[in-house]
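Each chain, letter by letter, is given below.
Number of protein chains: 2
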Amino acid sequence: MVVWEPPSRDYDFLFNEVFDAIGSIEGLGYDDFDADFLSMLIDGWGTHTKEVWLPINELGDKEGLGFKDGIITMPKEFKEAYRQGIEEGWMATSCKPEHGGMGVPTFFSAVTWAEYGTSACMALSVLPALSIGVYEVLTHHGRQDLIDYFASNLATGEWAGTMCLTEPHAGTDLGIISTKAEPQDDGTYRITGTKIFITYGEHDMTENIVHLILAKVPGGPEGTKGISLFLVPKYLPSEWEDGGLEGISRDLNPDHNGVTCSGAEEKMGLHASPTCVMNFDESVGWLVGPLHGGMPLMFEMMNRERVATGMMGLGLGEIAYQNALAWSLERRQGRDLKGIQDPGQTADNILVHPDVRRMLLEAKVNNEGSRALAVWAGILLDQMHSEEPEVSEAATALVALFTPIIKAHFTDLGCETASTCMQVMGGAGYCTEYGVEQFYRDVRISKIWEGTNGIQALDLAGRKITQDYGKNLRHLMWPLTQFIEENRDNHGMAEFNKPLYQGVKGLQQITLLMIAEGMANPHFLAAGATDYCRYFGNVLLGYMWAKMAKVCLQKKGEPFYDAKLASARFFFKRIFPETVSLAAKIQSGPKALMDYPVEMF
Amino acid sequence: MVVWEPPSRDYDFLFNEVFDAIGSIEGLGYDDFDADFLSMLIDGWGTHTKEVWLPINELGDKEGLGFKDGIITMPKEFKEAYRQGIEEGWMATSCKPEHGGMGVPTFFSAVTWAEYGTSACMALSVLPALSIGVYEVLTHHGRQDLIDYFASNLATGEWAGTMCLTEPHAGTDLGIISTKAEPQDDGTYRITGTKIFITYGEHDMTENIVHLILAKVPGGPEGTKGISLFLVPKYLPSEWEDGGLEGISRDLNPDHNGVTCSGAEEKMGLHASPTCVMNFDESVGWLVGPLHGGMPLMFEMMNRERVATGMMGLGLGEIAYQNALAWSLERRQGRDLKGIQDPGQTADNILVHPDVRRMLLEAKVNNEGSRALAVWAGILLDQMHSEEPEVSEAATALVALFTPIIKAHFTDLGCETASTCMQVMGGAGYCTEYGVEQFYRDVRISKIWEGTNGIQALDLAGRKITQDYGKNLRHLMWPLTQFIEENRDNHGMAEFNKPLYQGVKGLQQITLLMIAEGMANPHFLAAGATDYCRYFGNVLLGYMWAKMAKVCLQKKGEPFYDAKLASARFFFKRIFPETVSLAAKIQSGPKALMDYPVEMF
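Going line by line, the protein sequences match chains S and B. Residue numbers for the first sequence follow my numbering, so the first one is 1 and each next one is one higher. Residue numbers for the second sequence follow my numbering, so the first one is 602 and each next one is one higher.
Honestly, the hints are just simulated from the structure, not real lab data.
DSS-like, lysine-lysine: derived pairs with alpha carbons at most 30 Å apart:
id, chain 1, residue 1, chain 2, residue 2
1, S, K498, S, K471
2, B, K1106, B, K1072
3, B, K663, S, K62
4, B, K939, S, K471
5, S, K338, B, K1192
6, B, K939, B, K1157
7, B, K1156, S, K591
8, S, K225, B, K939
9, B, K680, S, K62
10, B, K1192, S, K555
11, B, K663, S, K76
12, B, K1072, S, K338
13, B, K1192, S, K498
Quick partial rundown of chain B residues pointing at chain S, CB under 10 Å, derived from the structure:
id, residue
14, G935
15, L938
16, M960
17, G1028
Which residues of chain S face chain B? A partial, calculated answer using Cβ under 8 Å:
id, residue
18, I176
19, H353
20, D355
21, L458
22, P522
23, V598
Predicted model only: the values in this text are computed from it and were never measured. All residues carry an ideal CB built from backbone N, CA and C; glycine is no exception.
Isolated chain S, as found in the complex:
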């Protein structure tokens, strides 16, 4: 019953008309990559996900996983779909050609790839997303023999990767983990401990699973400063005896490397994505990066996954919208309050009702605004690697700023959108048959994964804003205030530019307030962080809508552009005003929270 069309026209608009994606990666080593190839990639991935991934999504939800004697079996349809993706090269788009990857820009793999993958089958999309995360950390920080041994199989998807952080008593607070890594004379470590909530920690989709584990080497510093990162494969190479992996074949030892799965969580959604309790019992592992230097590496991987998680909010918001719209176009109930529209029918189409339009447009406009910001962020992810210092510095600053917002705001919006779309469909929305209830359940984890949205907000308000004396924020404010200035006398832009200006001014004021008050009282900053992050998200989406509107004003009269202008208007009239309340809540400070007697909660 579920419908979905990849929004490729929108990506074409964003990559080519709103941003100059191809132009912005000049000199970054993507010399053969042009607009035609990008377009082909978008279409090809859209077709693959629609034809291969989407049909298994509901099945995965219903059938879920098998778990017996520590072995997790995935639905066979998942194995087939994943295998087909490997064969067509779709699992390795961003990886280097020398490792069997396509070597395409990050703006495709981190944005379009992620959105389509999560729309079509979020449970499956998580597997390659994690593998690529492991690939990136390994290839940037790993020893050459580890890279040679693991990178290409991770890139192509033949082997899978995981991030092992959380322990039963340590989630947000990784400083207190107790997994241990004992150094051996041969340069390896023996890892022992229990990790929970490990996504795809165990499964039968690939012949090996490569775990990146946070653990502590005895005698190291307390807290996060004593954490190191280790690579631990589920199966060791059969030829390996000790030390490194130079020149060893990829045949695997059939006995596992002390790595066992002792349970899989039953969850509200994402039933086909295993969430494992993993036990490591003197498992052989290799250090990745410096000793006691695990946290920055894990953050590097985590930042990537945070953007990927944000895209889940958009991906599920988009497919929820498309299904609610399809329902609305068919459903006839009541009459237009201004008079009968379809006299030949017993009732008018529900799109005549303002409140139905309100719901659909909230969904559509937040989806499209998020997609625009995602494309910008994707381009910046590439530009971080520019050799021109001013380009890479600006890109790095903006990515630092955008990452928590994309993670938190997109996933908040995705959950709200799934709910709104369910509401459009009434009772049908709540019934399994129509599919949207699965999106509602699946997308909900995205607010929790990779650091809850509260943690994202603290990262934004407590770190990203003040980092380097506000450098990140300056790199945003320069182009943003310049944009506003440029359009000040553009009459057609006034309806977008004016509220954006108000929003930016407000953002500057509450930012100063947060910093000033936060210095004296860190609770002030923490108490306002979530509302601040949402305020900021709205300003960024407002910027995106104003930017899109500017492009579309040149092309008025063509339906696609007229719709975008109407969406921009809807955004500023019906969504953006929430910033006013958010500012009031932030200004109220922490007193109402912190004075509350603990014993009377």
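Take the given structure of chain S and dock chain B to it, following the hints.
For chain B alone, kept in the frame of chain S given last:
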């Protein structure tokens, strides 16, 4: 794993200290009902639901229903729990003693009963709630022989009741239903048609099921004016041959009355509450109320169920909160930003974090504010039947006004609260083991049931406000502005009274705007309805918090009252400011919605 304590202390406070519940029902025929009896009822029902209902809630979710050959089988534990409730008289609290009921005031049955029932086991609570709804319509509008035959078995819960409204093509728009009722010479009707989404349409909890069905008698007026209400039992009396039911025994004919269930929906939640497709094939039925006068009766029942549905938002919000709090009290992650609180532990309790407090307090304060408004509404439901015209008129006006707000705002809040509480618990919140994910799924239907929240908002903005030239609203504004006036010079009340005053002034302004603009353009009213309803809900909760604060200011120093004052502060600082944004959205009007090109959605 789930914890829950009935919030009986809060009800004691509300019934006796904030409102004078016992005093307000003087002369209404509850002569033996006093504060002690109320307190005993509250405690007794709290104990029953905690000990008998709560333990089956998770089981109901996991096991769900059996459906085979048109027969739905409920989990045996549900049958046992329900039977125990019947035996202890808990299913019949509000029904008349002559029908075997307890005859207690509605403020208990519609409020406390409903909250505890839905907290402990929402799926089960729906069954008696519907039966009582059928009982009320029947006893107020039915023929004496129907009352004599059905009322007492409905009251005690021996038989169950349903509301059969929706058809595949007609949900919100009942005017287009096609179920037919053919009149017979003996005064009965033969009902034929298909109804969908019929809660507890079929089950094996009771030996008979009494359906109230909307149907059209051929030749009647078009639209809702041609709808009549019929009572159709699943099984006819064995002695019945034709005509009425005078003096007939309650033995049932084992052949069903043309009533069959052809399917049960698979749903996101509420797995133990059957949602049936019901087929009526020349089923014998009796007219209830006047011919073609079915809609007002159905609305009477629906209004009752709307309050009951609103209470589901509160019930699930409360149990979600209690579980998130229990988790928070145990969970240690990170340190207080102002310095270590528990040096003897590896981490501080998460209640040191402002953002965790923000989430828990949003949940708690909305729950407690809603409970206060519910208690007020419950008292008004009783006072509607006062013989003093000014009392009954005011009560009727306020109930008309509050019903859509309780339905829509409480269920919106309930869904938000369940999500917030899941967020507090992080990954655990998403896992089945911890229970909150079930609340998140179950409560979601409450925004859809008994008229979606969008319909409630239209009922408020399009009918309840303008009805009788604004009489309903005047009956609210009189006590509300008087309250504000009385407390104008009360220094301790200023922090509550001032924002309340601003909110009420804003409400008056946007109400005038809605009415004035709505007269020229009904789309204006419909476009702002949802935001208006939420604005109104906030003002009512603000009034409740100010009223509670006034009581508590007298008793400062006692922890219970100090906590209430702190809650009132939190409400006005961190929740109430959302009204500002809502007003801005309403003021923006329908243009951004209605000018959107249909083909570009």
